[in-house]
Amino acid sequence: MGQILVGQLVVAALYALVSVGFVLVYKSSKVLNFAQGQFVLVGGLIAYSLAVAFGSQAAPTIIVATVTSFVLGPLVYWLILRPLLNAGALVLVMLTIALSIVMAAVAAIIWGPGTKFVPIGVSKSTVHLGAGITVSWLDVGTIIVAVLVLGGLSLVLHFTRLGVATRAAAENPALAGYRGVNVTKVTALTWAFAFATATLAGISFSMRTGLSVSNADVLGFAAFPAVMVGGLDSVPGALVGAVILAEIQGLGVRYVGANFGDAIGYLLLLALLIVRPTGIFGSRDILRV
Amino acid sequence: MAYYLLTLAVYVVVGVIACWGLNLQFGDTGVLNFAYILFVAAGAYTASILSLGHPNSSSYQHYFWGAHMPWPIPWLAAAVVGGLLGLLVGLLVLRRLRGDYQAMVLLVVSIMGSYIVSADPGFLNGGVGLALIPQPFKGVLHLSQVGYEVFYLALALLAAAVVFEVVRRIHISPLGRVLRAVRENEAAAAAVGHNVAAVKLLVMVIGGAIAALAGAIEVQFIAAWAPAGWDYTETFGLFAAVIVGGRGNLGGVALGALLVQGLFLEGTVLLPNIGNPALIGAIQWMSLGALILIFLYFRPQGVLPERRRTYSSDITTRRNRMAALPAALTRRSARG
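Read top to bottom, the protein sequences are chains A and B. With the working numbering as the guide, the letters of the first sequence map in order to residues 1 to 289. With the working numbering as the guide, the letters of the second sequence map in order to residues 1 to 336.
Hint data in this document are derived by calculation from the structure and do not stem from the laboratory. Among the hints, a few may not be true.
Quick look at which bits of chain B chain A covers, simulated, 3 or more residues with Cβ under 8 Å [claimed, not checked]:
# : region
1 : 91-100
2 : 105-114
3 : 291-302
In silico negatives: residues of chain B with every beta carbon more than 10 Å from chain A [claimed, not checked]:
#  : residue
4  : Tyr3
5  : Gly30
6  : Leu32
7  : His62
8  : Gly66
9  : Leu158
10 : Leu175
11 : Met286
12 : Arg309
Beta carbons are placed, not taken as given, at the ideal position from N, Cα and C, and that holds for glycine.
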């Protein structure tokens, strides 16, 4: 039981890193990014190639991969979404869908269909927490990164000028523009963070279980219920939602059966959707007008 | 070659039927049903267990219940199940959520459906799927292989004709105008007294029934059905067909289904073998994604755009009335 709860924390960390991307992009541009799972895939695979190039050194691999994805995020926004930003939610959703299809296919062409493990030297040896509970250093690192990233992002969003500008741009782009906020720049920055956090998730995910074209997209959608629980526009909500989702799934696997664990989590979340569609921390924005 | 072309023709007819159902939801009403393939699958499974007969414990495949029904029943039952599933999913998802959020939840529902079916081998034979599904009148007709394909194509075309008539009548009816009003401006449609949620629920039910019928036709043709065949990505292929063909235009949607399904997904079979099959698959999907992007950027209305309907007689009478109005006003003011 304790082992499950602790073990699921790293799954929660992965969910949190993926779902914070949904939240950031949605906060700034009111777009639900269906390509978030493909960000994880491409980010992780770039890290894989970098790790091969750098001879498995951890620090340069992680840093360069994160910086690369930090550039790719705004690029995606400028090339794919910006031209049709005023075309309505339906078109934007289809754009991100098409983007996800193209990204997955390009990844399959460049890196091939096999499962990739980022070959960097983070210790997989385990830490004993007492009471028979163990975690690996990789898991500890992932959890720390997730907490730091999400904590940092929520602090930035709430207490800095940039954060206020981001929230203003989301609330009312025209008005924020009049007050001197560069809405395009702020939005592009959130896409950069969305891609970068997805890349961090991709690196950890590929070191734990291996990354392939067929499992990364599912990670993207598997994390979405965390967003549903936490609320689509709340960064701390993403963290809380991720923990709740991961723990429910862990207990589901333990007490209902290995095959049904994931489905049980989803079913409970659908039930939550009926009771409280905005999630725990979400604003009423996602409800129909 | 005739066999290949006939097989392709049945696939295209199934695709066209499915796309018409999707067009009713996405094209006419603006509902992004990203669980659409789940309804196709529900129809396929229903038709399967209603034609396979009682599950046999000694058989290699397991399913929770089964019967051996004559031809039209599996198809009709599939449509009913699809409609009921539409009602269930619609009630769950449609009530209060914004369109794009609904879409994501539906996608999660679709993935969840395939998880559940794959996870429980006793329900619908798990990830292996059902096989050896009997084909209608196969044992009675004693036709050659090609002859039976012609017969099955005729059955499929019959179903397509029925579906066409249903969606065409909805499209031109007053209900069709309400659907388009909901698509164009939900708030305005609600403001003039239409129950937006009920309208969307209705197209979830009808579209779900059509999707399930398409699944039933497909499964009794290929005689096998497994979760790998109804991956959530299949839904996007159907969306691509509707976008490319022209959402809201039935002929356009059929053309889109023909282009995307027939030429696009099957046409590469005719291309020279350039590499491993995984690469060809990736190139197909990349082109599909690129096709959606290109059409959204440069021709969002599709190859054959929706016809703008003007209701001429109404407008003429109204215009005459409006023209008569100032005259009446002047008369009154002159008298006053």
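Going through the hints against the structure:
1. 91-100: Coverage by chain A holds for the region 91-100 of chain B (7 residues, Cβ < 8 Å).
2. 105-114: holds (count 6)
3. 291-302: Answer holds; 5 residues pass the 8 Å Cβ test.
4. Tyr3: With a cut-off of 10 Å, Tyr3(B) remains clear of chain A, as the shortest Cβ separation is near 31 Å.
5. Gly30: violated (6 Å)
6. Leu32: violated (6 Å)
7. His62: The claim holds: His62(B) sits with its nearest Cβ about 14 Å from chain A, beyond 10 Å.
8. Gly66: Per Cβ check, Gly66(B) is outside 10 Å of chain A; nearest 22 Å; holds.
9. Leu158: Answer for Leu158(B): holds, closest chain A Cβ roughly 33 Å.
10. Leu175: Holds: least Cβ distance 21 Å, greater than 10 Å.
11. Met286: Violated: least Cβ distance 4 Å, not greater than 10 Å.
12. Arg309: Holds, because the least Cβ-Cβ distance between Arg309(B) and chain A comes to about 21 Å, which exceeds 10 Å.
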